[in-house]
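Trainee: Residues per chain, in single letters:
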Amino acid sequence: MGVFFDEMNGSGDRSGGGTRAPYARLEEWLATMPKELRSLKQAEAEALFRRIGITFAVYGEGGDPDRLIPFDMFPRVFSGAEWARLDRGVKQRAKALNMFLVDVYGRGEIIRAGRVPANLVYQNAAYEKAAVGFVPPKGVYSHIVGIDLVRTGPEEFFVLEDNCRTPSGVSYMLENREIMMRMFPGLFRENRIQPIDSYAEILRRTLASVAPAKCQGDPKVVILTPGHFNSAYYEHSFLADLMGVELVEGQDLFVDGEFVYARTTEGPKRVDVIYRRIDDAFLDPLCFRPDSMLGVPGLMDVYRSGGVSICSAPGAGVADDKAIYTYVPEMIRFYLGEEPILNNVPTWKCAERDDLKYVLDNLSELVVKEVHGSGGYGMLVGPTASKAEVEAFRAQLLANPSNYIAQPTLALSTVPTFVDEGVAPRHVDLRPYCLVGERIELVKGGLTRVALREGSLVVNSSQGGGVKDTWVLAE
Amino acid sequence: MRLSVDHITRYSYERPVRGLVQSHRLTPSVFQGQRVISWEVSVKGGDTAAVRGAEFTDGAGDRIQGWSIAGPLTDLSVTVRGLVETSDTAGMLKGYREVINPCAYKRETAMTAASGALSDLAEGVSDAGGALALAHGLSAAVTGAIAYHPGVTHAHTSASEALALGEGVCQDHAHALIALARLRDLPARYVSGYLFADASGTAHEAAHAWAEIHVPGFGWIGFDPANACCPDERYIRLASGFDARDAAPIRGVARGGQPGDEAMDVTVAVLSSDQ
Amino acid sequence: MLSRTANNLYWIARYMERADTVARLLDVGSRISLIPSEHGYRSEWDSLLQASGMAEGFTAKYGDPVQRNLESWLFFDRDNPSSVASCLTAARENARIVRTAMTAQVWDALNMAFQELRQLERQERSSLDQSTLTDWVTRQSALVRGAIDANLLRDDGYNFLNLGYYLERADNTARLLDVKYYVLLPRLDFVGSGLDNYQWSTLLRAMGAQRAFHWAYGGEITAGKIADFLILNRQSPRALITCIAGADNHLARLAKAYGREGPAQMRARAMLGELEEETIERIFEEGLHEYLSRFIGSVAELGSVIHEVYLGGELS
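Residue numbers (my numbering), protein chains in the order written: chain A, 1 to 475; chain B, 1001 to 1275; chain C, 2001 to 2316.
Please keep in mind that the hints were generated in silico from the structure rather than gathered at the bench. Predicted, not measured: the structure shown is a model, and the values here were computed from it. Accuracy of the hints is not assured; some may be wrong.
List time: in silico SDA-like cross-link candidates among lysine to any residue, alpha-carbon distance up to 25 Å [unchecked claim]:
| id | chain 1 | residue 1 | chain 2 | residue 2 |
| --- | --- | --- | --- | --- |
| 1 | A | 214 | B | 1055 |
| 2 | B | 1106 | A | 80 |
| 3 | A | 269 | B | 1051 |
Based on the sequences and whatever the hints tell you, model everything.
Mentor: Here is the structure:
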């Protein structure tokens, strides 16, 4: 694969090495931190995380449900100029994705124009028939768009995937910063780091801005969680607390007449906006899965008659499907008349004969993913897989080609990371959380995930990934 | 034809339930084949009227009305009474307003999933006469393959199971036809409604179901394999969906209800009031 | 607040108080059984289990009331929903659900109790004696209680927590007192004997009330004095009247905060009124056991009214 671009020392950058400007002060910081102090600080950070209870349960792994996601103290840094471009690119994408959703649940102009194949949208499992013909308040379907980005060079950013439903992880973005500020206040005095703590307030404002027309007075916002057994429950309660809104389960809400109410000790309280952290299928047993115990019977009728807003809107998932992903640049051109600021990763669709042939011929160099998979499961990372793994995957792929897409193995950038031996480069990605309501807003930061194993390109926390604080410097 | 409908659904609960929420699609569709003269739906638990909830027309053109009622309740009745002027449109859904793209009805559900036997049946029909002839052919094939025989199948029987049994009711006919149409790449959907069958008005399947197939150049056309015809002035169309569950005119959940505690009783009378 | 949140808070308190009582029960039982008696210590443990409503499960699982089995059942056994381990786990789980409705200190106290419990569970059983276990539990419950009183906002959540505490304590005091009835059931001629007095004072000890009792009454320990102390004396923190007065106070605060009162307030006030009028003579006339059974029933009824009005979310 050659040399990877390192965001601190600039290796792999043809324009020359040397410490890149955003990291200049971190170099001094590193030099003044002996190993003993580092271990001390690392232990302190871990204790803090455990104390606040931010833990993560890994799907299907059993073990300790109170496991921590490893936190790496070495921050990842962007210059103001670098961020400005990401900011524009992410907002552009979030805007186009929402316009796409309004379109495909309405007249479907982009399909009529032949720019996106009809079957990919209308026969998509995430396309909700029940959402057709209703335009959510402000025309927003996806209120929190998590866009996964990777970097391969100083100017080269690629979008890996879009998350339009309920992207998780923002609590880590906020807690990582909180803990860095507590442990290294000096760093924050020396570097001019843009704050991100307005995220909760902007989220609350965003959610309130899409209250239904029938809402009277101050919109009552709630977060709907599947319950305390869910692995992201901490995040749900954390966000509810930061925003000062109720964290409810389906059983706390009920439909009476044209509205939804919360059961409180003072009697029913009307709810205007539901930030739901449960899947479409579980929202309402009268509309979707009849066996759902997590939802609220009658909720969809109230929603579709404008009595309550649901964020993200039911059906938003059709925009972040991996098969639809390849058409996002087309959406940007179609709806906005602009060229995409952030590029997609070239993608081969195994459903197509020529693409499948190419993928099979080059399996050991490609990353192959399930169209509907997530969490880094059911994927093959060709270059790091053993021969046997590649062959096993080949059989899997041939059995059901249309279930897979393939992408080149990207030379993910590295950021210095604390390891046992000292400091070493590790691969990273980035997920900024774009908020879409009356306005489109993006706090200056995001969640940086880091593959802690040497050479690994898989950053998922379920596969040995960790997290870092992400800085954007003021110009 | 002027048809009167008298449709009562009664639910009773062994142990009182804490409340009920229902979503109805019990209003006749608006299109050239039918015009409502009068129509009223009422919902009562004991002597208390339920609260009217959300009311809107969805993307498929169905009129939806929500209801809720607080308990404790041991019984609930849904009464539909109305008068509709119908005419024969040769099964075509003319002048109907809907937003949804027909392509969305190419998706299969557990009830309409394909099988080898369904596939063989579908492939046996010629499309030499064009899509419309194909659709008629598929409907005839279902009529031939599944005999009308109540009591053999149940609410959750799939198209493939009904075909294997060779017997079923209108729901099974409709599911089978939807499966066949999709196998031949035609969008198809399930329609629930009423059927006036004879002068006594108490004929079998007065609460009826059939299928609609989207035929290029014509749009949606109804086919009733159970009666080997296309819906005409004897039919009243209420709602559509992927399958029987998705197109159900009444859906509801009782809060605090125990499984097995609910009993349901339905009476439907469709009469001609032309005389 | 959400009815479910209020319900979680209420149960955190009930479980913590219950854990405390069960630990004390273990103490009473161990002490009573140290004294030789005609019918052996076995029936006294039976009585204890009967009074606390944990007899059936124990017999089914262990059969003979051997000290070690009793410790397991009352302290560690998760099959016993009222064991200390079950209660502390349930309290912590309820707390985890409503983390944001309490302060970090309260969560810390509950979480620490749970983490330490897990350590105790891993420890060699022979290294843990009964009094160590009882002391540990009463200390944990005091830490949680202290964190609540010192840090928590005096809002409706605070009221629901306290309702849980007072109702559970009322029920538990009544049950502990009732142990005497069961212990003495086989031989009424023990009444007034040295053994009887020893049992009464053990009961006081278990409630941590021996000194308080002597300050308040002085002189000889008599059944009448103890019953008075644990039922009608407002100075006694565990007395039934103190618990009902506490519940009444927190219900009144809720009524004021919400601008409406209903059956819960009425019922609590009626119970308090009755207790205020009550005399120890009349209680003994009715029969202590009968009186306590009736009281336990009333507390349960008050609990279900509170559930109906506030915790179940059915209020319209």
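Trainee: Take the hints in turn and mark each one as holding or not.
Mentor: Hint by hint, here is what the structure shows:
Annotation: proposed proximity of residue 214(A) to residue 1055(B) holds, straight-line Cα distance about 14 Å (limit 25 Å). Using a Cα cut-off of 25 Å, the hinted pair residue 1106(B) and residue 80(A) is violated, with the two alpha carbons roughly 49 Å apart. The hinted pair formed by residue 269(A) and residue 1051(B) meets the criterion: a straight-line CA distance of about 17 Å does not exceed 25 Å.
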